[in-house]
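Peer 1: Each chain, written out:
Number of protein chains: 2
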Amino acid sequence: MQAWQLSADQAAAMMARGELSSEVLTRACLQRIEAREPLVQAWAHLDPEGAMVQARARDREPRRGPLHGIPIGVKDIIRTSDLPTTFNSPVYAGHRPSEDAHAVAVLRAHGAVILGKTQTLEFACGGRFPTTRNPWDPERTPGGSSSGSGAAVADGMVPLALGTQTGGSTIRPAAFCGVYGMKPTWGRIPFDGIKSYSPALDTVGFYGRSAADLRLLLQAYAVADGEPVVRRDPLQLHLGICRTPLWAEAEAEAQSAFEATLGRLRSAGVQLVELSWPAGCDDINRWQDELMQDGGRYAFWPERLNHSDLLHDDFQAKLDNHLGLTPERMRSALDGIARCRIAFEASLSGLDGALGLSAPGAAPVGLHTQGMATFNRMWTAMQVPCISIPALWTAQGLPMGLQLIGQRYDDAALLAVAQTLSAVLDQERTSWN
Amino acid sequence: MQAWQLSADQAAAMMARGELSSEVLTRACLQRIEAREPLVQAWAHLDPEGAMVQARARDREPRRGPLHGIPIGVKDIIRTSDLPTTFNSPVYAGHRPSEDAHAVAVLRAHGAVILGKTQTLEFACGGRFPTTRNPWDPERTPGGSSSGSGAAVADGMVPLALGTQTGGSTIRPAAFCGVYGMKPTWGRIPFDGIKSYSPALDTVGFYGRSAADLRLLLQAYAVADGEPVVRRDPLQLHLGICRTPLWAEAEAEAQSAFEATLGRLRSAGVQLVELSWPAGCDDINRWQDELMQDGGRYAFWPERLNHSDLLHDDFQAKLDNHLGLTPERMRSALDGIARCRIAFEASLSGLDGALGLSAPGAAPVGLHTQGMATFNRMWTAMQVPCISIPALWTAQGLPMGLQLIGQRYDDAALLAVAQTLSAVLDQERTSWN
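Protein chains in written order, with the working numbering: chain A, 1 to 433; chain B, 1 to 433.
Mixed in with the good hints there might be a few duds.
Stated by the list, open to error - DEER-style ranges, computed between Cβ atoms:
1) B:GLU49 x A:GLY94: 22 to 30 Å
2) B:VAL273 x A:GLY65: 41 to 49 Å
3) A:GLU49 x B:MET14: 52 to 60 Å
4) B:ARG17 x A:SER308: 38 to 46 Å
5) B:ARG64 x A:ASP313: 39 to 47 Å
6) A:VAL53 x B:GLU249: 35 to 43 Å
7) A:LEU323 x B:ILE241: 47 to 55 Å
8) A:GLN316 x B:LEU262: 29 to 37 Å
Claimed, not checked - Partner residues aside, some chain A positions facing chain B, computed with beta carbon under 10 Å:
9) ARG79
10) HIS95
11) HIS102
12) ALA220
13) ALA222
14) ALA299
15) LEU305
16) ASP426
17) ARG429
Hints were generated in silico from the structure; no laboratory data involved.
It should be emphasised that the depicted structure is a prediction, and the values quoted were computed from it without experimental measurement.
The beta-carbon is built from N, C-alpha and C at its ideal position, and this holds for glycine as well.
Excised from the complex, chain A in its bound form (with noise of 0.2 Å):
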């Protein structure tokens, strides 16, 4: 196995037994980046010197925890002192931020190594796409927002990254590109830094290449406190089956996938119980269209002031209100998403979770669509933590994502629930082998 290859988990306990150094590693990175970048075309903005001399500084130091040494990508809509952020729009090219995003900077304040900046959509939101193609099958897309965040990792090009979610933005990148995503509980990790578009819907994510890659996220951020969690037995999980009312739009294959996790999971012992969608809650995702373009009309007034040529038609769309959002619909959908959150939380109530897709099916081909969102706004809008399983595949062998759902801030709880599906489910699929 190459350095590369290493998942964060592992390559931070071969650093903690002194059989890994930070130059190590990242130089492996590196190198993978160089020979595979011309085709996945993940990363916004790189400093190879920079990230070289940030491991060799990591090295000469005492270790400030797991995360110590560990190369990050970065999303490229969220601030960085020492690359560019351009949030891939023309507005911003070139523009290199005094500071760090709180993001940011708690995972350099733990020795991570800030590896680079990845492909992103403009803004995370509309207009320019990235150029970001999907390790699995260049002639898909990785999915987006995040793309260049999910695709990197997914082709060893670095062990963990941030992205963001507003619609989809993290959690279907990871069922399209097979690594683990996790959408945290919304206000968990301060937006502070990062170009916001819809506040309250606005999330940090994570990828990684297991779910105890996403635990080193997790205790960095401080998010992994409250009970301890204890991996637990596939017996004692009680899980819901949440098919959501869109369930006809997700894909046959995708469905069937689905089905056949869950027998797999009866049996090894996991309990199952049906779900049922709240009543009143079938408007939710156009609710969470309706915040998501309000949102998009206060977030880039900036811009259209002091760039209006430089901004892409759909930023001017939303600044025009074309949807025609009064007060009334707004509180309207706010109410509608509240009623929603208390219902199915309650519907949780004595569960470990729910279970359903991550996305209606594999990544669609063609890089001008990033797929849809539909099993995704409903728990961006509900607030409520997402992890996206890599355990699902169609026969052609790409990937799919099962998505666990919680409840808010039992984030540390989940992905111990996530571990344990994992064990029971991971077929340990990398898109190099």
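Let chain A serve as the given structure and place chain B on it in line with the hints.
Peer 2: The following block gives chain B in isolation, referenced to the frame of chain A:
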């Protein structure tokens, strides 16, 4: 009348007619500051030369709108590209961000002159207090955490200022300093570039010396959109009276001034109806506090990781979760607030807003306190717009605030109501007369 005595709305009208230049107004503000700052201490950072450069540049340009050339003060937790931003924290001594916060970028793009940074409680949260004094009585607090913004506008140092509110940090200084203050609907103005504290509460706030002043800011942020708003006759206004379950915590003088004001409004033809506090909502201020404390657990991680020696004990306590906030308690707080929001807004149906107190009384004596947020916490939690009108006075002549509360997204309509009420109530008192 001297130029520094003009309200923003008056100054904007004179500038539009070519009767006043930004240079004259800005110089007048700087001279007022020079004379008064040794006593009031409203400012954290000033660059008089830089402000005059901005003013003269604005005078040479075509007018971009009503804010063109108007000086504005900015609370020092809001990032500015041309002035330090230090959050009143030793961690950020001398800190100079490279970018304006969203809230500042919008004003600058409209031609406003960013006059300086105003004093704040450390991180708008705790720890180090500002040294700002109340212009009405220098022995008293101006309130906080937007202390400098409230005091500077009250003292004629600047016609407009930005603050923020997570508990009562905008409305309370407005009340104590006898100026107009507004906390718009949560989320309307992105918090990008402002130090966050608790994401479901953090809101940008406004200060001015008239309701028309506040309208200039609402328009700049494009919040005054939707239905055209017509200033109405008092005879057409229907308002609720909302004493909240905490009425007993208001001082006797505040209670009697409030009742007298209701009498004056009734005499002017305003129809008033007593609202009953929604059932199950008596704990809302405690829930707000739990949200705020929980936000603090995450907001200050980078500072603890990088500068624990410079971080005040107040923040260490939050990071240590000394309240024992569990996932269950957080969900209970958030859902309780959501239910109250729905019930309170339903009680406003058919009304133009509700009236209450902005604070339990006038500013207390001493700079070791910022007063109580008793009548602010519930509205911040509900994310509804609030406006403090300087319409209540103690026998001694100290200002207290009349608070007008509306439904989310009705910001522009609520401000029109405030304009009508002001015409009935405002005695145009200033601290310098």
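Peer 1: Kindly indicate which numbered hints from before are broken by the structure, ordering the numbers from low to high.
Peer 2: Hints 2, 4, 5, 6, 7, 8, 16, 17 contradicted; others consistent.
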